[in-house]
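Going line by line, the protein sequences match chains R and W.
Here full-length UniProt numbering is used: the first residue of the first sequence is 1, the next is one more, and so on.
Here full-length UniProt numbering is used: the first residue of the second sequence is 1, the next is one more, and so on.
Don't read these hints as lab results, they were simulated from the structure.
Remember, predicted model here, so these are calculated numbers, not experimental data.
Heads up, the beta-carbon is just placed ideally off N, CA and C, and yes, glycines get one too.
There may be inaccurate statements among the hints.
Computed from the model, here is a short list of chain R residues facing chain W with C-beta under 8 Å [claimed, not checked]:
no., residue
1, 165
2, 177
3, 200
4, 268
5, 298
6, 299
7, 306
8, 316
9, 319
10, 320
11, 337
12, 339
13, 344
14, 350
2 protein chains.
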Amino acid sequence: MQQAPDEPERSLAALLAPDILDLLETDPRSIAAETEELHAADLADVAELIDRALVPQLLAALPAPRAAAVLEYLGEELRTELLETMAPEQAAALIAAMTPDERADALEEMDEDVADEILEAIPERERAETERLLQYEADTAGGLMTTEFVSVPESQTVDEALATVRAIARAGRREAMQTIYVVDAQGVLTGVMSLRELLAAPEGTRVADNAWTEIVTVPADAHRETVVQLTSNYDLVAVPVVDADRRLLGVITVDDVIDVIQEEQTEDVQKFGGLEALEEPYLQVGFVELLKKRVPWLIVLFVGQMFTAAAMGFFEDSISAATVLALFVPLIISSGGNSGSQATSLIIRAMALQELRARDWTRVLLREAGMGLVLGALLGIVGALRIVVWQWAGFYPFGEHYGVLATTIGATVLGVVLFGTLTGAMLPFVLRKVGFDPASASAPLVATLVDVTGVVLYFSMALLLLRGTLL
Amino acid sequence: MQQAPDEPERSLAALLAPDILDLLETDPRSIAAETEELHAADLADVAELIDRALVPQLLAALPAPRAAAVLEYLGEELRTELLETMAPEQAAALIAAMTPDERADALEEMDEDVADEILEAIPERERAETERLLQYEADTAGGLMTTEFVSVPESQTVDEALATVRAIARAGRREAMQTIYVVDAQGVLTGVMSLRELLAAPEGTRVADNAWTEIVTVPADAHRETVVQLTSNYDLVAVPVVDADRRLLGVITVDDVIDVIQEEQTEDVQKFGGLEALEEPYLQVGFVELLKKRVPWLIVLFVGQMFTAAAMGFFEDSISAATVLALFVPLIISSGGNSGSQATSLIIRAMALQELRARDWTRVLLREAGMGLVLGALLGIVGALRIVVWQWAGFYPFGEHYGVLATTIGATVLGVVLFGTLTGAMLPFVLRKVGFDPASASAPLVATLVDVTGVVLYFSMALLLLRGTLL
Chain R
1 MQQAPDEPER
11 SLAALLAPDI
21 LDLLETDPRS
31 IAAETEELHA
41 ADLADVAELI
51 DRALVPQLLA
61 ALPAPRAAAV
71 LEYLGEELRT
81 ELLETMAPEQ
91 AAALIAAMTP
101 DERADALEEM
111 DEDVADEILE
121 AIPERERAET
131 ERLLQYEADT
141 AGGLMTTEFV
151 SVPESQTVDE
161 ALATVRAIAR
171 AGRREAMQTI
181 YVVDAQGVLT
191 GVMSLRELLA
201 APEGTRVADN
211 AWTEIVTVPA
221 DAHRETVVQL
231 TSNYDLVAVP
241 VVDADRRLLG
251 VITVDDVIDV
261 IQEEQTEDVQ
271 KFGGLEALEE
281 PYLQVGFVEL
291 LKKRVPWLIV
301 LFVGQMFTAA
311 AMGFFEDSIS
321 AATVLALFVP
331 LIISSGGNSG
341 SQATSLIIRA
351 MALQELRARD
361 WTRVLLREAG
371 MGLVLGALLG
381 IVGALRIVVW
391 QWAGFYPFGE
401 HYGVLATTIG
411 ATVLGVVLFG
421 TLTGAMLPFV
431 LRKVGFDPAS
441 ASAPLVATLV
451 DVTGVVLYFS
461 MALLLLRGTL
471 L
Chain W
1 MQQAPDEPER
11 SLAALLAPDI
21 LDLLETDPRS
31 IAAETEELHA
41 ADLADVAELI
51 DRALVPQLLA
61 ALPAPRAAAV
71 LEYLGEELRT
81 ELLETMAPEQ
91 AAALIAAMTP
101 DERADALEEM
111 DEDVADEILE
121 AIPERERAET
131 ERLLQYEADT
141 AGGLMTTEFV
151 SVPESQTVDE
161 ALATVRAIAR
171 AGRREAMQTI
181 YVVDAQGVLT
191 GVMSLRELLA
201 APEGTRVADN
211 AWTEIVTVPA
221 DAHRETVVQL
231 TSNYDLVAVP
241 VVDADRRLLG
251 VITVDDVIDV
261 IQEEQTEDVQ
271 KFGGLEALEE
281 PYLQVGFVEL
291 LKKRVPWLIV
301 LFVGQMFTAA
311 AMGFFEDSIS
321 AATVLALFVP
331 LIISSGGNSG
341 SQATSLIIRA
351 MALQELRARD
361 WTRVLLREAG
371 MGLVLGALLG
381 IVGALRIVVW
391 QWAGFYPFGE
401 HYGVLATTIG
411 ATVLGVVLFG
421 TLTGAMLPFV
431 LRKVGFDPAS
441 ASAPLVATLV
451 DVTGVVLYFS
461 MALLLLRGTL
471 L
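So here's chain R without its partners, still in its complex pose (with noise of 0.2 Å):
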């Protein structure tokens, strides 16, 4: 990630809060005014920092639209908050105001009487469309998408459709006007055409001589992975969601898919660590949810555990004949679990990035071989040469045996290590063939897998080389 090193030590809001909140005792009326140029994200970032209780009359001192684009800014937490113990009026007033994909979400994250006591305080038109949005599954197409986008009949000239743009863009409304689609009579998409397109189009022809009739679109139960697919693999600024019938259902606006991207994103990099991805974040999660997240992992890998431990038990007798073997466990079940992990974090990244399809496994397992017999075999080497150096040296007494010794722990790397290439590379196809998420596949998880069978490994391999000597 590297830290951008133009970090600003205070940010925009910090600077603007105090006025505001002078304001907010003096001449509360004066702030819309006073802030009209600001971002609605800053102002967002003002009311995030600002104490809770004075929230309600920052958002009441601005116009509804203004506020609601405030609202769509928020954590989700605060805005959650905030509409739930608002006066219902007011939170109706609001979220009526908010843009349908946000008002859903919003509603989404509510106490459900609350949602619903508002979702009957809207107005008709806007509770109907929200009240179909919530339907859909808030990770696909369905959830991200917005109704209110701009629409043009076959049949409309190039100048018409303009002026239906100027009219909906100069009413102040929030469509996402990214891109013009031209819809049939039965509401199918036909063509699409980004705004500039429409501005080049010569006058007097139909919209639809010069749309796009090769058309990206998403199905509305589609999964969200899907959406960021086509957006990047198309630069598209706004994906349309069609129903079966290939009938325009809504637009999905590029800035809602880099939020995707992201949580998505924080989700891989949360369970790659070994533990459930955080609906919030770190700061906001609350002490006991985030153990929650964190708990059932560690005890499973703890468990998991226990069996490197019964499996040393079952060499006992090896381990107090030869002490010396327990010293390099540690080094050598690590050795295993680094080449694994590092192995898991290409393959889950690789399939996130759709680089990597099911059917590429076979060819993945063969790099993969190659690779960790290669790893496996430095490390092995170094491994060996500490204990022969060691002993020249005079640092450690291996005692006469130590060359099988060197011998012992490089072959037993060399096997771990392609163990665990394997393994971490293998794992996220299984997870992903037995239909759990591929990135559940974590380091730690990969870690303990390894460690039990290098420990056998490691075992067998000194009572095979030094029966009769150490053993």
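We have chain R; now place chain W onto it with these hints.
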């Protein structure tokens, strides 16, 4: 990540490729018309599928701007190989037709001599433009921006501005046009307005009176992470890049920002996995190069683990006195590594999203201290119970002193998990403090750091509690 369940088995490109290959043989001239409606990205996918020797012919069969667009969607590897091998004139013609930012990127990846040769061959205006862009570091705002954007002088009226926009759009040039930039006589950025706002603005008024004057800008030398932050915080579709005097230098479009987000996230995951970040997709990286990215960290960690072996050696007497102690070494050290991995993944992700600033370290320290204590206590109890239960159930005879042993294990696990959690949480802050990338705090690195301490803690605890009984 939860891979898209609706992942298509055959891509559109796979379906198109055969027909296009046909046309290449029979009637290349018709390809342009036949593929007119296709998205350039799909043609690029076709190019990735077919025999590389045929790609230049495919590109030659398309009009220059179209072929250039296809080039922009090609994978770096194929694009570089193509441009380096095709006739310099053809390469120059294609490169000249690319957008300035893509042109600079393409040249940067090529062999320097070839790149210079091509630069010489492209028109003066494009060459100057490109040379200017090549001066910026690839990971800065300057390295991401395009120099083709729409700016209008303050003095212009809305009608004049619209006419300018129309003219540019009709000329079929590829300027970024989501946002119109208003500049004064010195080229200083004084206002921005979206194309829709320009359409909504009353005719006859000056653009300056309709544009926003609070403008989100980024300096040319800003790190690309800053560009990502601004884009996602403010839901921008284009970020203006300015020099020290706020003169407008270029514009970064959202599609390039999305690429950056995904690249940075890939780097973070790979670093967290314990290897150096790859520059190319997993399957495109050469075996040797992949090896080079993985070996260094593996060696470093392996050497690090030798200290664990040394630590074990220090306690060899205890081990030979009570072999049973050795059995739990993997269990104990891995519990530290796992809890550390959890903490690290949470912190580096929160840092990447700028949810955590450097100054938050104390807050995190306290929070994770509490977390480590609770997690450690829970795992410690499980660990101690395991011994007691095994003893009672007769699975394994720990002897009369199993109670003390259980206490030792439990107390050590508590300590190791606490230490692991704190190490994992603080390491990213430390790395950042000393100027490294916090994302380098990989799961394997944390585990290795914690292992040594775990061993020392374990056996010290044992010497303390088991003296006179097992030891």
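message = Hints numbered earlier in the text: which of these fail when held up against the supplied structure?
response = No numbers; nothing is violated.
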